[in-house]
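Enquirer: Take a look at the letters that make up each chain.
There are 2 protein chains.
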Amino acid sequence: MSSVAPSERTTVRRLPKRAVYDRAAIHAILDEALVCHVGFVAGDQPFVIPTTYGRIGDRLYVHGSAASRMIREVAEGIPVCVTVTLLDGLVLARSAFHHSMNYRSVVVLGQAREVVDPAEKTEALTAIVDHVMTGRSAESRPPNENELRATRVLCLSLDEASAKVRTGPPLDDEEDYALPHWAGVVPLRLVPQPPVAEPRLDPRIPVPAAATAYRRPGPGPVSD
Amino acid sequence: MSSVAPSERTTVRRLPKRAVYDRAAIHAILDEALVCHVGFVAGDQPFVIPTTYGRIGDRLYVHGSAASRMIREVAEGIPVCVTVTLLDGLVLARSAFHHSMNYRSVVVLGQAREVVDPAEKTEALTAIVDHVMTGRSAESRPPNENELRATRVLCLSLDEASAKVRTGPPLDDEEDYALPHWAGVVPLRLVPQPPVAEPRLDPRIPVPAAATAYRRPGPGPVSD
Chain E
1 MSSVAPSERT
11 TVRRLPKRAV
21 YDRAAIHAIL
31 DEALVCHVGF
41 VAGDQPFVIP
51 TTYGRIGDRL
61 YVHGSAASRM
71 IREVAEGIPV
81 CVTVTLLDGL
91 VLARSAFHHS
101 MNYRSVVVLG
111 QAREVVDPAE
121 KTEALTAIVD
131 HVMTGRSAES
141 RPPNENELRA
151 TRVLCLSLDE
161 ASAKVRTGPP
171 LDDEEDYALP
181 HWAGVVPLRL
191 VPQPPVAEPR
201 LDPRIPVPAA
211 ATAYRRPGPG
221 PVSD
Chain G
1001 MSSVAPSERT
1011 TVRRLPKRAV
1021 YDRAAIHAIL
1031 DEALVCHVGF
1041 VAGDQPFVIP
1051 TTYGRIGDRL
1061 YVHGSAASRM
1071 IREVAEGIPV
1081 CVTVTLLDGL
1091 VLARSAFHHS
1101 MNYRSVVVLG
1111 QAREVVDPAE
1121 KTEALTAIVD
1131 HVMTGRSAES
1141 RPPNENELRA
1151 TRVLCLSLDE
1161 ASAKVRTGPP
1171 LDDEEDYALP
1181 HWAGVVPLRL
1191 VPQPPVAEPR
1201 LDPRIPVPAA
1211 ATAYRRPGPG
1221 PVSD
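These protein sequence lines are chains E and G, in that order. Take the first sequence: its position 211, counting from 1, is numbered 211 in our numbering, and each next residue is one higher. To convert a position in the second sequence, counted from 1, into our numbering, add 1000.
The set of hints was computed from the structure by calculation and includes no laboratory data. It is possible that some hints are incorrect.
A few chain E positions that, by computed beta-carbon distances, are all more than 10 Å from chain G [claimed, not checked]: (1) 20; (2) 27; (3) 56; (4) 121; (5) 155.
Pairwise CB distance ranges, derived in the manner of DEER restraints [what the hints assert, rightly or not]: (6) G:1111 <-> E:218: 35 to 43 Å; (7) G:1022 <-> E:67: 22 to 30 Å; (8) E:24 <-> G:1035: 20 to 28 Å; (9) G:1067 <-> E:200: 52 to 60 Å; (10) G:1219 <-> E:58: 34 to 42 Å; (11) E:200 <-> G:1205: 48 to 56 Å; (12) G:1150 <-> E:58: 36 to 44 Å; (13) G:1150 <-> E:199: 52 to 60 Å; (14) G:1072 <-> E:149: 38 to 46 Å; (15) G:1067 <-> E:222: 21 to 29 Å; (16) E:200 <-> G:1022: 28 to 36 Å; (17) E:145 <-> G:1213: 50 to 58 Å.
Note that the Cβ used here is the ideal one computed from N, Cα and C, for glycine as well.
One chain only, chain E, in its complex shape:
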């Protein structure tokens, strides 16, 4: 598996044993999560905005209305940070101090470029819809000219990406293992519920299998 060379900026300093620079691991986290948090600076104020995204190879795509502040600011090519976090479980230690979470997260640094090439823009929008549900773009009406004009798409390279993963049980100080407190993990899963049809839907239209048996791609958490 190829790996992303950590830059000075993406080298994980805190708890480096949790760091992952493996490209396949980074891709798997990005493919499983649904929402990213885009960080950008306007004036001297940082903003962190949740949004959906898509991935094609080593490129992350986000989109938004031409009226969105986040899109307008980030399209200027300013430095951004896009963070994706999967929460896998609560880590309950014997000591308050060693409480933690099991998680998998990716941090991407860089400068976004606006996607202006029509073919790449269409591919990116397809990837964003299909990221939510595989094959969904083929089962919905494609964007028309007005919608394409109203939508801006930004691309961020994954060159400067790092992942951080915590798995497994709590780790307590040696002398605390004799304490009478319960310790362990409560795993958490994002579980799809039965689809709810839009009220005006023609009841003869079948629910797609991708919705009734919805699941995220990827291996899921490494262990609890």
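Since the structure of chain E is provided, determine the placement of chain G on it from the hints.
Expert: Relative to chain E, chain G alone:
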């Protein structure tokens, strides 16, 4: 219910019908979520770091190792943005363009202050542990002097907070309702799984009810 006056900076401009400034609604989202994303700027680069938190009244607390870059930078009193996002469902429209997510999110702007008063620091650390699981701090060993010294706690006021909420079915363009595509919502829930005991745990120690019947506080999503 009291409401937070939106400042110029926290006024939701994009899709303002989704904006919520009600204090109780903001608190409920913060209490239900487990992880926040802290945005801060170092040099001219924004960073977005996931972390746990606690809330006491109109104050949000985060903590971290004294060695953490995030904590060191943010403790300087620089502008920060803390964002909390609950993902409630996939919104599948007839058109690719109207695909969306149901979500509840809170964005808090401000400058953090470091908590140095020992009593407030203890309260904040208790709130952070109890945020993960109600009553958990009373069922674990409290922090000792070394641990307190190794931990820094930051406080962010909720004065400049806003929430954004999307609920309900997809909304399509009128002419698209006749299309043969399925449309609706796939609700998503973060579901706790059976607790996994730490391998060295004395099997005579019972699993706390808060772990076997784990649930997040609050009303959950308003509707799918």
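Enquirer: For residue 1111 (chain G) and residue 218 (chain E), compare the CB-CB distance with the range 35 to 43 Å and indicate the outcome.
Expert: holds, 38 Å
Enquirer: Do the beta carbons of residue 200 (chain E) and residue 1205 (chain G) sit within 48 to 56 Å of each other?
Expert: holds, 54 Å
Enquirer: Using the Cβ atoms, figure out if residue 1067 (chain G) sits within 21 to 29 Å of residue 222 (chain E).
Expert: Check passed, 25 Å falls within 21 to 29 Å.
Enquirer: Minimum Cβ separation between residue 27 (chain E) and chain G greater than 10 Å?
Expert: With a cut-off of 10 Å, residue 27 (chain E) remains clear of chain G, as the shortest Cβ separation is near 19 Å.
Enquirer: If you check the beta carbons of residue 24 (chain E) and residue 1035 (chain G), does the distance land in 20 to 28 Å?
Expert: At roughly 24 Å between Cβ atoms, residue 1035 (chain G) and residue 24 (chain E) fall inside 20 to 28 Å, so the hint holds.
Enquirer: Would you assess whether residue 56 (chain E), listed as outside the interface, keeps its beta-carbon beyond 10 Å of every beta-carbon in chain G?
Expert: Non-interface label on residue 56 (chain E) holds, nearest chain G Cβ at 16 Å vs cutoff 10 Å.
Enquirer: So does residue 1150 (chain G) sit 36 to 44 Å from residue 58 (chain E), Cβ to Cβ?
Expert: 38 Å Cβ-Cβ, so the 36 to 44 Å window holds.
Enquirer: Given a hint of 52 to 60 Å, does the C-beta separation of residue 1067 (chain G) and residue 200 (chain E) actually sit inside it?
Expert: holds, 56 Å
Enquirer: Just to be sure I understand the hint, the distance between the Cβ atoms of residue 1022 (chain G) and residue 67 (chain E) should be within 22 to 30 Å; is that true here?
Expert: holds, 25 Å
Enquirer: Against the range 34 to 42 Å, how does the distance between the Cβ atoms of residue 1219 (chain G) and residue 58 (chain E) compare: consistent or not?
Expert: holds, 41 Å
Enquirer: Is 50 to 58 Å right for how far apart the beta carbons of residue 145 (chain E) and residue 1213 (chain G) are?
Expert: holds, 53 Å
Enquirer: Verify that the Cβ of residue 155 (chain E) lies farther than 10 Å from every Cβ atom of chain G, and report whether the claim holds or is violated.
Expert: Label holds. Min Cβ-Cβ 18 Å, cutoff 10 Å.
Of the numbered hints listed earlier, not one is contradicted by the structure.
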